[in-house]
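Chain A is fixed; fit chains B and C onto it per the hints.
If you read the sequences in order, they're chains A, B and C.
First residue of the first sequence: 1, per the numbering used here; consecutive thereafter.
First residue of the second sequence: 1, per the numbering used here; consecutive thereafter.
First residue of the third sequence: 1, per the numbering used here; consecutive thereafter.
Calculated directly from the structure, the hints in this document are not laboratory data.
Treat the hints loosely; a few may be bogus.
Covered by chain C, according to a simulated footprint, are these stretches of chain B (three or more residues, beta-carbon under 8 Å) [said to hold, decoys possible]:
no., region
1, 163 to 173
2, 203 to 212
3, 221 to 235
Note that this is a predicted model, so its numbers are computed, not measured.
Where a beta carbon is used, it is the ideal one built from N, C-alpha and C, also for glycine.
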Amino acid sequence: MLRRWWLIPCALALTCGDAEPVGVVIDGERIPVIDMHLHPGDWDGVPPDTQEFLAERFPWPFKLNPGRLAETTLSADGIVRELDAAGVDVGVLFAVYAPRTVGIASNSLVISAVAEHPDRFLGLASLRVDDWRSDASKELSRLEDALGAPGMVGVKLAHAHMHFRMDDPEYFGIYEVAGRLGKPVYLHTGNSPFPGIAQAPEYTDPAYLEPAIAAFPQTIFILGHLGYDFVRDEIGELDTCIDLARRYPNVYLEPSALGSAGNDPDGEILLTAFERIKEGEVIDRVIYGSDGPQSPGFVSDYLQRTVTAMEGAEYDTEEIRAVLAGNFIKVFGAEAGR
Amino acid sequence: MIISSLLGASLLLLAEEAPAPTARDASAPLEAASTDDGAAPASSDTPGNARVGHGRGPAGVPATFTRSTALRARIGVEPSAFEGASGVSSEGRWLASATAGYPWWGVRLQLGLRHGLSPLVEVQTALARRWRPAAGLAMLWVNLPRLRIGGEALLGWLFQSGELGRRGPNAELRVRIAAPLRRVAPYIMLGSQHTLLADRTTVIRAAGEERSWSLRGEWTGWGTVGVAVPITRRVGLDLGVDLTWVDAPETIAIPGAHGGIIIGGFRQDPGASKKRRSRGKSQSRTQSGDAASARAARVMPPYAHTGASLDPVSGGPSL
Amino acid sequence: MNRQAPQRRLAAGLAAIVSLLAGICLGACVNDDTTLYEVNLSGTIDVAEGEPSGGRVHVEVLHARSGAGTLAYPLRPITDLELDGLGEFAESVLVPMENGEGLVVYAWLDRDGDGALCAPGAAPEPAGIIELEDFPAHELEVELVLTEPCAGPEILYP
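Same shape as in the complex, but just chain A (with noise of 0.2 Å):
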């Protein structure tokens, strides 16, 4: 009933108000979007490794100082900017830690940004696993701390980035933190092209997780990026994930990052995915995220890219409002909007 209570602003601010129209207009009517997969950042933040990395996919000039771009387009005013073009109405922000791959932005990155954007910003907290045996309460009740600040309302891990594996049974305690806070988690799923990513299976595969999955059924799991093989850019684990959708009431699915222009220029991957998706029946398990703004112009770009997918895949106009805004709000009970 807690969680529903917050459905009303919501609601309210979707639909009424008189702020600038937002949203995707599907056979003449206008839908709001929830993008639930926004990455922040601090270029210091980032290990030199993949600042390399990273700066040998910016285009000339910009890879000479890639620092200065990346802090223009990862910045809070940045990434609202991005929202405003793709009219998305509200991003949920990602805390990460990950400093063999990644990097990190921290939850206190996490907490101000939404802090300095609370009608357009959420966030989801993560915590470091890097001596666990040691240090996992600590871990655990920094989390808690985390998921306390105002517009946290979920958790945020990647298995392969973060190293550990998705089936090991000393990890579960986050999930439990999860569970009684009723705060979803979002997980990475498939492998990844960063330098120093643990691609073995059981850090990738999300069959992996089914033993969490089931052992924790007050846990929503969110699957994210639908299980992609980002290195072979080939569709991977998705009917794995479908599989869990179709099995455990607590499995939602996000499609993001697959079907950008880099990794599916044609489009083919992501139409192949929501055929697939909406063949296994589990389109109300489906939330949006783009795993933006990555350069500039990027968060609109993936929304179109899907809008047309689903398109292209025949859903009908709910079923889009449920992806884009309608299943978020049901999972998280969404704080804010304008």
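Frame of chain A; chains B and C shown alone:
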């Protein structure tokens, strides 16, 4: 790189069909070298005057003009901006340029020698993170009234800092095509830049250390489309759009642009200033006509002349 | 004579520039400078007495610590090895000295031969880890007993 070299070689062979490139800022009239005011052309051993080029005197006998005699003959001098566009200075002239833009800034000095050669030094930088000082030689292959084609070969060093730091010897070949018109000189510059990057691996074994080196390369393709605009004979502007494909084909590049200033002049002979001072005292008002005509010549547009052909070959203006 | 003097000055200037560039070259030539320390690992990898011992052994060699400040973390991978089975072994590895400190060996026994440690539905497979305190040294002895079922290196270290 191979194609540009072959192109340059073939153009050089073609250019040798015509007389060697001359300084474009003066040439002898088809008639006798004496001018309206009776001033005789200086011979090649005339002291205190920088040579500016050749012309043809009576019966096709080559005659040499100096700067001063060319000016007294009221023969137009090509603006430095046009030499900046072609990348080659005519004999006896120097040129300095400085450009600023995004992302490239640079300075360049070149000096005109005989046979259409110009040694040069330049320093380029992009966002103060990538630096390339270099020295080289420019050569004019084609010297026609409306067309200049030249090539440049440079050797230098690359320093790049930041997340993609690298350093190593750098060589570049360029081709410039300039089309000096009446008031502006549009130009195209195409460059092929190669940098050698050396890596070192040291293996520490129980028996001792082993060191090995390996080389890799970075290729940068460069294209500039620009225009040189003379403001005065000595000063001009350079405006252009640059597309620099650094480390091609690994990444994409966004075009940049630059604006700059070109300044040029004649090399000073050691005795020239002394002679100018003595000339100024003795000749004074009796040379007022000469002074006036010299001033007029200095500001005249490139083609302005008094019945004299500037191009010894075609009979038309050499610009 | 007068014409030659400027040309001599020009030649001298160019020579000075070339010399300066050559001097800079000597101090600015190397891009990637990698130092590899050869380590000959030898010893035995075994399971607890009475435990099934069939199957290939997957070995990972890792830096004990890497990174700095808030980006410091344990267990940076160096290389993977695969042994035909438990028992004695001898392998040589090259350890990149710029990437971290210390040396750790982690291993697990692939009893079912599926290439995955404790795949879903599979029987438990043992793993173990040891830090080689004597590193850096060219000859290091490894005595490792695999006792932890289905454990990745991250939960076993430090």
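Going down the list of hints, with the structure as the test:
no.: 1; hint: 163 to 173; verdict: holds (count 5)
no.: 2; hint: 203 to 212; verdict: holds (count 4)
no.: 3; hint: 221 to 235; verdict: violated (count 0)
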